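Start from chain A and add chain P according to the hints.
Number of protein chains: 2
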Amino acid sequence: MAQQQAQERNAISPRRAENFPEWYQAVVTAADLAENSDVRGCMVIKPWGYAIWELIQQQLDKKFKDTGHSNAYFPLFIPLSYLEKEAEHVAGFAKECAVVTHHRLEVGPDGKLRAASPLTEPLIVRPTSETIIGESYSRWVQSYRDLPILLNQWANVVRWEMRPRLFLRTAEFLWQEGHTAHETEQEAREETERMLGVYHEMMRYHLALDVVTGRKTASERFAGAVDTYCLEAMVQDRKAVQAGTSHFLGQNFAKASNIQYLSREGVKQHAWTTSWGVSTRLIGTLIMAHSDDDGLVLPPRVAPKHIVIIPVTPKEDTKAAVLEACDKLAERLRAQSFHGEAIRVQVDTREVTGGSKAWDWIKKGVPLRVEIGPRDIAGSAAMVARRDRPHKSRDLIAWDQLVADAPTILEDIQSTLLARNQAFRKENMVPMDDKDSFYKFFTPRNSGRPEIHGGFALAHWCGCPDVEEQIRKDLSVTIRCIPDDPAIAAEPGMCIFSGKESAQRVVFAKSY
Amino acid sequence: MAQQQAQERNAISPRRAENFPEWYQAVVTAADLAENSDVRGCMVIKPWGYAIWELIQQQLDKKFKDTGHSNAYFPLFIPLSYLEKEAEHVAGFAKECAVVTHHRLEVGPDGKLRAASPLTEPLIVRPTSETIIGESYSRWVQSYRDLPILLNQWANVVRWEMRPRLFLRTAEFLWQEGHTAHETEQEAREETERMLGVYHEMMRYHLALDVVTGRKTASERFAGAVDTYCLEAMVQDRKAVQAGTSHFLGQNFAKASNIQYLSREGVKQHAWTTSWGVSTRLIGTLIMAHSDDDGLVLPPRVAPKHIVIIPVTPKEDTKAAVLEACDKLAERLRAQSFHGEAIRVQVDTREVTGGSKAWDWIKKGVPLRVEIGPRDIAGSAAMVARRDRPHKSRDLIAWDQLVADAPTILEDIQSTLLARNQAFRKENMVPMDDKDSFYKFFTPRNSGRPEIHGGFALAHWCGCPDVEEQIRKDLSVTIRCIPDDPAIAAEPGMCIFSGKESAQRVVFAKSY
Chain A
0 MAQQQAQERN
10 AISPRRAENF
20 PEWYQAVVTA
30 ADLAENSDVR
40 GCMVIKPWGY
50 AIWELIQQQL
60 DKKFKDTGHS
70 NAYFPLFIPL
80 SYLEKEAEHV
90 AGFAKECAVV
100 THHRLEVGPD
110 GKLRAASPLT
120 EPLIVRPTSE
130 TIIGESYSRW
140 VQSYRDLPIL
150 LNQWANVVRW
160 EMRPRLFLRT
170 AEFLWQEGHT
180 AHETEQEARE
190 ETERMLGVYH
200 EMMRYHLALD
210 VVTGRKTASE
220 RFAGAVDTYC
230 LEAMVQDRKA
240 VQAGTSHFLG
250 QNFAKASNIQ
260 YLSREGVKQH
270 AWTTSWGVST
280 RLIGTLIMAH
290 SDDDGLVLPP
300 RVAPKHIVII
310 PVTPKEDTKA
320 AVLEACDKLA
330 ERLRAQSFHG
340 EAIRVQVDTR
350 EVTGGSKAWD
360 WIKKGVPLRV
370 EIGPRDIAGS
380 AAMVARRDRP
390 HKSRDLIAWD
400 QLVADAPTIL
410 EDIQSTLLAR
420 NQAFRKENMV
430 PMDDKDSFYK
440 FFTPRNSGRP
450 EIHGGFALAH
460 WCGCPDVEEQ
470 IRKDLSVTIR
480 CIPDDPAIAA
490 EPGMCIFSGK
500 ESAQRVVFAK
510 SY
Chain P
0 MAQQQAQERN
10 AISPRRAENF
20 PEWYQAVVTA
30 ADLAENSDVR
40 GCMVIKPWGY
50 AIWELIQQQL
60 DKKFKDTGHS
70 NAYFPLFIPL
80 SYLEKEAEHV
90 AGFAKECAVV
100 THHRLEVGPD
110 GKLRAASPLT
120 EPLIVRPTSE
130 TIIGESYSRW
140 VQSYRDLPIL
150 LNQWANVVRW
160 EMRPRLFLRT
170 AEFLWQEGHT
180 AHETEQEARE
190 ETERMLGVYH
200 EMMRYHLALD
210 VVTGRKTASE
220 RFAGAVDTYC
230 LEAMVQDRKA
240 VQAGTSHFLG
250 QNFAKASNIQ
260 YLSREGVKQH
270 AWTTSWGVST
280 RLIGTLIMAH
290 SDDDGLVLPP
300 RVAPKHIVII
310 PVTPKEDTKA
320 AVLEACDKLA
330 ERLRAQSFHG
340 EAIRVQVDTR
350 EVTGGSKAWD
360 WIKKGVPLRV
370 EIGPRDIAGS
380 AAMVARRDRP
390 HKSRDLIAWD
400 QLVADAPTIL
410 EDIQSTLLAR
420 NQAFRKENMV
430 PMDDKDSFYK
440 FFTPRNSGRP
450 EIHGGFALAH
460 WCGCPDVEEQ
470 IRKDLSVTIR
480 CIPDDPAIAA
490 EPGMCIFSGK
500 ESAQRVVFAK
510 SY
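Going line by line, the protein sequences match chains A and P. Residue numbers for the first sequence, in numbering that gives the first Met the number 0: 0 to 511. Residue numbers for the second sequence, in numbering that gives the first Met the number 0: 0 to 511.
Chain A on its own, in the form it takes in the complex (with noise of 0.2 Å):
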């Protein structure tokens, strides 16, 4: 099929297998989500591409209340020292944050606008906010009768990024960061498993996506973590994007920012905390797993509308029924519901062609085009078309049948998302079992494109940071994740690199 359609017209260029970055920003321009502003790596979320985000928002904040989380917001701004505390997590980020100096602006001898009234200590913009909400949590934590505290917040955050690539990676994006308090290291251990499920769910359900699930090895942890957890997604070119993380913090920040509590034995003790998080990366992470050579492939889940009917009215006599029939079809359909919403219908009356209007929607991902025109009326029909097959794939049904079959039809998209790219990244998920495999598996094939490679390599690795940076340093290949799932990778070997022993596999890859 492919093949078929690399020799037709395609709204993308270039293809995927010409050149992928370029066709990832191509999608993300034709599809109107987001563009570069001239702020140096920060980007404008579009209308298209923020009504995802809401979509995104609205479902995972159902299931952060449904598991006992409340929102909360806190400040922007953290004072310098308060980054200091934790000796790891400010070597982290030192190295990417916005410093706000001074708080006023005059106009200086030279007539231009300069900063004036320094600040007596800097504030940092939050990279994230582990630090400022520890500080907190100090205050409100007395005994143990005040835990768990589990909270989440919606915010914006800045790294400054070097490299900014849309919704992937840029200085200032969305987020949810939840952080939470706990009285025993079990139950922070389980509840940051608890939220790696809760996003495993979001992932797979809702955004299609069959992300690999694991523990990250010392050297690619959240700064100041005891444990990182992740979900890591293969796009369309076998790379890996980590698509969000769940940290166990032990007692790390609980020391840093001296959340104490009386514990019910009388004693002092210090908490076990949290943190975990997502991103507007999820919108990029979306992109690059399911779009095609047409554009932007939307999981209905998170589609902003299911459904755009485009009037056919080629004459002026036919063209008020046409339009009568489109926003009666619409109305029936909008009765009808898909994971317990109503469906999101859109009616496309812009007076430009209908072909150009097709491709519009095609562009943007939309799970279905209904087409309506004067002859359609008659026979009660419509044609309609799946985006998630070719755009020349089109089926007459009737309206009622098509009332009926909606949600079928929308679940039915949904569902092929996720088995095609869970059969993408079986495909391409590879046991390794020696180096020069290994090698061979990462190393450019047939082509001077470095973003022609292997995918997931299923290797033993003893566990040593040298072997890992070394990797790193010959192949720009680094370890994803050390996988949970004892279907990947359970049974002990030995590592293909040193040959030491190795308790189970992991899974090494290049990424976002």
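Keep in mind the hints are simulated off the structure, nothing from the lab. Fair warning: there could be bad hints in the mix.
Some chain A residues well away from chain P (every beta-carbon gap over 10 Å; in silico) [as the list claims (entries may be wrong)]:
id, residue
1, Glu53
2, Glu95
3, Met382
Calculated pairs, DSBU-like style, for lysine-lysine (alpha carbon to alpha carbon, straight line, at most 35 Å) [unchecked claim]:
id, chain 1, residue 1, chain 2, residue 2
4, A, Lys362, P, Lys267
5, P, Lys391, P, Lys425
6, A, Lys356, A, Lys318
7, P, Lys391, A, Lys356
8, A, Lys111, A, Lys94
9, P, Lys362, A, Lys318
10, A, Lys362, P, Lys61
11, A, Lys356, P, Lys61
12, P, Lys434, P, Lys391
13, P, Lys509, P, Lys434
14, P, Lys62, A, Lys327
15, A, Lys327, A, Lys94
16, P, Lys94, A, Lys84
17, P, Lys391, P, Lys356
18, P, Lys254, A, Lys84
19, A, Lys356, P, Lys254
20, A, Lys94, A, Lys509
21, A, Lys64, P, Lys61
22, A, Lys62, A, Lys363
23, P, Lys61, A, Lys363
24, P, Lys62, P, Lys391
25, P, Lys254, A, Lys64
26, A, Lys509, A, Lys363
One-sided and incomplete, this derived list gives chain P residues near chain A with beta-carbon spacing under 8 Å [what the hints assert, rightly or not]:
id, residue
27, Phe76
28, Cys96
29, Ile396
30, Ala397
The structure presented is a predicted model; accordingly, all values stated were derived computationally and were not measured. Beta carbons are placed, not taken as given, at the ideal position from N, Cα and C, and that holds for glycine.
Then chain P, alone, in the frame of chain A:
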């Protein structure tokens, strides 16, 4: 009633009549809404406060979408040079800008962290986004076909405040800012007034605030606007709170940002723009308008919980039956709806005494409290207390009746709060026909406490800024608005300060 209560125990100290500003702070603390952080002027919004904000957001967001707007997101940072483009605008905000000057931290010779890597151009943390959004619009708009642009952004903004007060005036606050661009002046003016209308409806029917709407005088206008429309609430110390604004920006910002379009006649023209916003300040307004000496009083539409059910379990052997009855009643109440949403019910199963539970929910402003004890089970009834009535006023209501009547009772509380705010506003908005009375009206009476003053004075004013400035200096009283409601101030007259002609009365008041 107020006198009776004064003899009784109250949850909040001091009472409103004793010290209004301290009472406000005490209500915020008692309801666990928010607190000051260590970061100067920045607050922490705690779960109960944030839940109110989420309800305001959801309800406003729906109104924005119903009026054709979409959400988008623009950068947090504004280059200094953008801000400079509109002279009045920069003059208005220069004194309260947080300035980012560096993008890295390093360890200095003293072993302490310090800012490193200076930016070539300093960045301002947005105090409002006209200039940064204008930059995008200038690229998006080419022809009249690209107009109107109707966008809104939910975001945090920073204005360095010298005298911060929780919710009402904080260095960082959460808000929404609408930004629209139009082909004609008339369309932009209509949009400005439409959004004023959306806010008016929100404040009146959701927040139970009988606000006065109108235009600002030149001295109180948004920096760079042609006309600023505002909504002024009267709170219980008879001061005004500006609860929202809608600005007609003319072509000022379009010229500054170069937003130009090719008109239907083929001529290059500058667009006409508007902006409008409300913020977390609405929560402060709510508190000051409705709360009483027992704590927060919430209009049901923005109450995180509509009903709390308190099990009264004096004996172990009847405890299970009571808890079961509470859960069953909660389920039945949740199946009822209030303004299209399921009634929000919480059963308070904490292990503390019933009395202390009741007081917690009184202080948090929950509209209905329902107590069920062992004796109520036989009668299938419950003691029900409304938060808009004195805390001792309770009625025994049969479960069936309570379930059936709950929506009506909540609606009655909602309209009672609006009626009270309206009666209070009417009582304390007084026509003033001479300067002496006006000065007396705003001078503390029978007490050394400056918060005891008249309220809103409706007086004729000639339009002269010097007169306005003199009054501000003498009394700390400003013109809150030139009201647009003919029922309030339509007829022409004579300025009570200068004796010159006046087209209509304006509203003078002290304000937050």
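Do the hints match the structure? See the list:
1. Some Cβ of chain P comes within 10 Å of the Cβ of A:Glu53; the nearest lies about 7 Å off, and the non-interface call is violated.
2. Its closest Cβ contact with chain P, about 7 Å, brings A:Glu95 to no more than 10 Å, contrary to its assignment away from the interface.
3. Here A:Met382 stays apart from chain P, with its beta-carbon at least about 28 Å from theirs, past the 10 Å limit.
4. At roughly 31 Å between alpha-carbon atoms, A:Lys362 and P:Lys267 fall within 35 Å of each other, so this suggested pair holds.
5. Between P:Lys391 and P:Lys425 the CA atoms are separated by roughly 29 Å; this keeps the pair inside 35 Å, and the hint holds.
6. Among the hinted pairs, A:Lys356 with A:Lys318 is consistent with the structure: their alpha-carbon atoms are about 16 Å apart, no more than 35 Å.
7. A distance of roughly 64 Å separates the Cα atoms of P:Lys391 and A:Lys356; the hinted pair therefore is violated under the 35 Å criterion.
8. Note on A:Lys111 and A:Lys94: the hinted pairing holds, with a Cα-Cα distance of about 29 Å set against a maximum of 35 Å.
9. Of the pairs offered as hints, the one joining P:Lys362 and A:Lys318 is violated, with about 61 Å between alpha carbons and a cut-off of 35 Å exceeded.
10. At most 35 Å may separate the alpha-carbon atoms for a hinted pair to count; A:Lys362 and P:Lys61 meet this at roughly 27 Å.
11. The hinted pair formed by A:Lys356 and P:Lys61 meets the criterion: a straight-line CA distance of about 27 Å does not exceed 35 Å.
12. For the proposed pair P:Lys434 and P:Lys391, the alpha carbon gap of about 45 Å is over 35 Å, so the pair is violated.
13. The hinted pair formed by P:Lys509 and P:Lys434 meets the criterion: a straight-line CA distance of about 16 Å does not exceed 35 Å.
14. Pair hint P:Lys62 plus A:Lys327 holds up; C-alpha atoms about 24 Å apart against a cutoff of 35 Å.
15. About 57 Å separates the Cα atoms of A:Lys327 and A:Lys94, which puts this hinted pair outside 35 Å; it is violated.
16. Pair hint P:Lys94 plus A:Lys84 holds up; C-alpha atoms about 32 Å apart against a cutoff of 35 Å.
17. Taking the CA atoms of P:Lys391 and P:Lys356, the gap is near 15 Å; set against the 35 Å cutoff, the hint holds.
18. Of the supplied pair hints, the one linking P:Lys254 and A:Lys84 is violated, its CA atoms being roughly 48 Å apart against a limit of 35 Å.
19. Taking the CA atoms of A:Lys356 and P:Lys254, the gap is near 33 Å; set against the 35 Å cutoff, the hint holds.
20. This hinted pair checks out: A:Lys94 and A:Lys509 have alpha carbons roughly 23 Å apart, not beyond 35 Å.
21. With a CA separation close to 21 Å, the supplied pair A:Lys64 and P:Lys61 stays within the 35 Å bound.
22. For the proposed pair A:Lys62 and A:Lys363, the alpha carbon gap of about 27 Å is at most 35 Å, so the pair holds.
23. Restraint check for P:Lys61 and A:Lys363: satisfied, since their Cα atoms lie roughly 23 Å apart, inside the 35 Å limit.
24. Annotation: proposed proximity of P:Lys62 to P:Lys391 is violated, straight-line Cα distance about 38 Å (limit 35 Å).
25. Taken as a hint, the P:Lys254 and A:Lys64 pair is broken in the structure, with Cα atoms around 46 Å apart against an allowance of 35 Å.
26. With a C-alpha separation of about 28 Å, the suggested pairing of A:Lys509 with A:Lys363 holds against the 35 Å cut-off.
27. Checking P:Phe76 against chain A: minimum C-beta separation of about 5 Å stays under 8 Å; hint holds.
28. A hinted interface residue such as P:Cys96 counts as satisfied when its beta carbon comes closer than 8 Å to some beta carbon of chain A; here the least separation is about 5 Å, so the hint holds.
29. Using the Cβ-Cβ criterion of 8 Å, the hint placing P:Ile396 at the interface with chain A is not satisfied: the shortest such distance is roughly 30 Å.
30. At its closest, the beta carbon of P:Ala397 sits 32 Å from a beta carbon of chain A; the interface hint therefore is violated under the 8 Å criterion.
Of the numbered hints stated above, those contradicted by the structure are hints 1, 2, 7, 9, 12, 15, 18, 24, 25, 29, 30, listed in ascending order.
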